[in-house]
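Novice: Given the coordinates of chain V, work out where chain F should sit on it, guided by the hints.
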Amino acid sequence: MDKNEQPAVMIVDDEEMVITSIRAFLRLETEYAVHGFTSPEDAARQLETNPVDVIVTDYLMPKMNGIQLLGKAKNLQPEAARVLLTGHADKQSAIQAINEIGLYQYLEKPWDNAQLLLVIQGAIERTRLLRTLRDKISELDAAHSNLKDVQTRLLRAFL
Amino acid sequence: MNDQPEPAVKPSRQDLLEQLESAHQRLAEAHKMASIGRLSAGIVHEINTPIGSIFSNNEVILRSLEVLKKLLAESCAASVAPSQEAMEIIETMATLAAVDKIACERISGVIRSLKTFSRVDDRDIRKACLEGIIRNTLKLTGTIFRRRIAVETHFEELPEIECYPGLLNQVFANLLVNAGQAIEGEGKITVTTRRENDFVHVSIADTGKGIKPEDRGRIFARGFTTKPIGEGTGLGLAITREIVEDTHGGSIDFESEPGMGTTFHVRLPITQTRKSSPAS
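Protein chains in written order, with this note's numbering: chain V, 954 to 1112; chain F, 204 to 483.
Misleading hints may appear alongside valid ones.
[To be verified] List of simulated lysine-lysine pairs, DSS-like, C-alpha gap at most 30 Å: (1) F/Lys330 with F/Lys318; (2) V/Lys1089 with V/Lys1101; (3) F/Lys412 with V/Lys1016; (4) V/Lys1016 with F/Lys342; (5) F/Lys391 with V/Lys1025; (6) F/Lys415 with V/Lys1016; (7) F/Lys342 with F/Lys391; (8) V/Lys1016 with F/Lys391; (9) V/Lys1016 with F/Lys304.
[As the list claims (entries may be wrong)] Non-contacting residues of chain V with respect to chain F, defined by C-beta distances greater than 12 Å in every case (computed): (10) Glu958; (11) Gly1024; (12) Leu1029; (13) Glu1078; (14) Asp1088.
If you're looking for bench data, these hints aren't it; they were derived computationally from the structure.
Everything numeric in this text was worked out from a predicted model, so none of it was measured.
Beta carbons are placed, not taken as given, at the ideal position from N, Cα and C, and that holds for glycine.
Only chain F is shown next, with the shape it has when bound in the complex:
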């Protein structure tokens, strides 16, 4: 019998790379979930208003039907036309039914955007409409700041681009949430898209506080954040850069003026030459 311990099998370089890639992927997923968590407060608010209306309207319509039934019975018994009061109740019920429809559309719109944003089956590279991705993300991020920040969009007609749409959702959500958080009080976010030869160029400009010169070299580093605890993970821009540059072969840069605002520029190739799996 041999008492010597089995020599540990040294993991190969390939194994280590795969482990690292898998850890990156889990980190990106965790960050995406954290983004949804941060958006959830806005989403809850966005949904609670129409739900409140629907509940209230339902009660009012049921009570109105009782009153209406009584009024119509009285009119029938007296063989007269329905009273003015009965007609007004019918009118109110029609108004409330119309409000319910708008409320349901609002809720289903938010749920649809959330479903698109959070889908995990969108891992394959495919042709997608960039404008659609940005608009969807704007719907969700807008729930957090739509009352204090105006959003202006200038979308040029663009060809579909080969990309990982699920990952690009995350890129634009990060940049839009950052833009919203940089604005104290009221302000504006301007999103512009245009074609530049074989690339599409997306710029997201805010009228926020800007990035301090001493922070500019570090904003894409993992773990760097200027946000208070609970507001930022320090991973957002690092993951954004990886998705844009490493996964899509694009580029990201920014210009910033303290007190005036920041503009991020994302350039993505229309066609992918590398058909690899996503890096994160």
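Next comes chain V alone, as it looks inside the complex:
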């Protein structure tokens, strides 16, 4: 993903009203592309092909819970920040699973828009930095193997 590209936010909640509310808020306050999904399975399929900067998901959803979705997201797009936005009832089980999937942030419903925005902004920045870092590491690796090549050739030429 080009770092100048419009940031992409994925919102997953089986309650349509949550997606509608957050989408309206982000459209008003930001220039982000917002992708909403009421089905975590559809969201997971989308992640296979479309890169996003941050995934904000509910925990308790039918067929696949938020932790399972974020686990898939971690494999498919390791740099994308993972945020859990959940109700009180599932707090304990969610906290238990947080370490497994490396959560960027845990938020509770009812959420505060200002806090949600700060978290999403921070998450996007982190994702972009991680992607830049990954690119730089690849460049360094490439340069390193180039140098190794040159060194081998030099040694062959002179020894």
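Specialist: Same frame as chain V, now just chain F:
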């Protein structure tokens, strides 16, 4: 002056019975409160989602109004029709207002069910719609497991039955919560009602782990539970049996297959021949 202590008045059998009855009643009330406590986590979750939406929408609508005011002032000053952006903001506000209405209905539905479930003034025997009682209880218990358990209902048209509705709420809440807890992961609960001569028959079937053969003789005993600490008081089925059999003159039994599920059968008379006060 007589130093002899006053002989203690030995309580009569009637007094002891009344004390026992009152203790039973307090225990049943305490258990009902514990049930509400257990349901509360689900209820909080159920309410927090629409509240989150309402808060967010309120903020967005207020901010949108500011932007809209500015855009309309600009259109007026230039004597042109409102811009596309202004029209889109109006559209968004209308959508959010519709979401708010749904959210408020959701919250008020949960509160209504909770009020019906927890009412303590429902002590008198009266004619009540059994389907209504079950549906109300399903709304509350569904808040705990609605995302992992499908609920199927088959309600036959039934006459109103003479009962203590407040107590029957508790019966069905106990059986439904038990059914939900017996299911690990995803599953189904099927609630069926039908008339059987002068009785109504309610069956609650789950696709859970079933009751072990060695536990079957003890499940209606006070203090027996297979649930972890904090999940069960060991009183639920004992109180359920008392309400169904002793208070209403009905019957309760079950069939269970380990690994396949359990079905509880509750039979309640349509008319009460005994018009006594509730035993618990």
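Novice: Decide, hint by hint, whether the structure agrees.
Specialist: Cross-check of the supplied hints:
For a cut-off of 30 Å, the pair hint linking F/Lys330 to F/Lys318 stands: about 19 Å separates their Cα positions. A threshold of 30 Å between alpha carbons decides the hint, and for V/Lys1089 with V/Lys1101 the separation of about 18 Å falls inside it, so the pair holds. Using a Cα cut-off of 30 Å, the hinted pair F/Lys412 and V/Lys1016 holds, with the two alpha carbons roughly 20 Å apart. About 21 Å separates the Cα atoms of V/Lys1016 and F/Lys342, which keeps this hinted pair within 30 Å; it holds.
Between the alpha carbons of F/Lys391 and V/Lys1025 the distance comes to roughly 27 Å, so the proposed pair stays at or under 30 Å and holds. As the CA atoms of F/Lys415 and V/Lys1016 are separated by approximately 28 Å, the hinted pair is consistent with the 30 Å bound. Between F/Lys342 and F/Lys391, the direct Cα distance comes to roughly 15 Å. Compliance with the 30 Å bound is thereby established for this hinted pair. Restraint check for V/Lys1016 and F/Lys391: satisfied, since their Cα atoms lie roughly 13 Å apart, inside the 30 Å limit.
Under the criterion of a C-alpha separation no larger than 30 Å, the hint pairing V/Lys1016 with F/Lys304 is consistent with the structure, at around 28 Å. Annotated as non-interface, V/Glu958 keeps its C-beta farther than 12 Å from every C-beta of chain F; the closest such distance is 23 Å. Its beta-carbon lying about 17 Å from the closest one in chain F, V/Gly1024 satisfies the requirement of being farther than 12 Å from that chain. No beta-carbon of chain F comes within 12 Å of the beta-carbon of V/Leu1029; the shortest separation is about 23 Å.
No beta-carbon of chain F is positioned within 12 Å of the beta-carbon of V/Glu1078; the least distance is around 23 Å. No Cβ of chain F comes within 12 Å of the Cβ of V/Asp1088; the nearest lies about 36 Å off, and the non-interface call holds.
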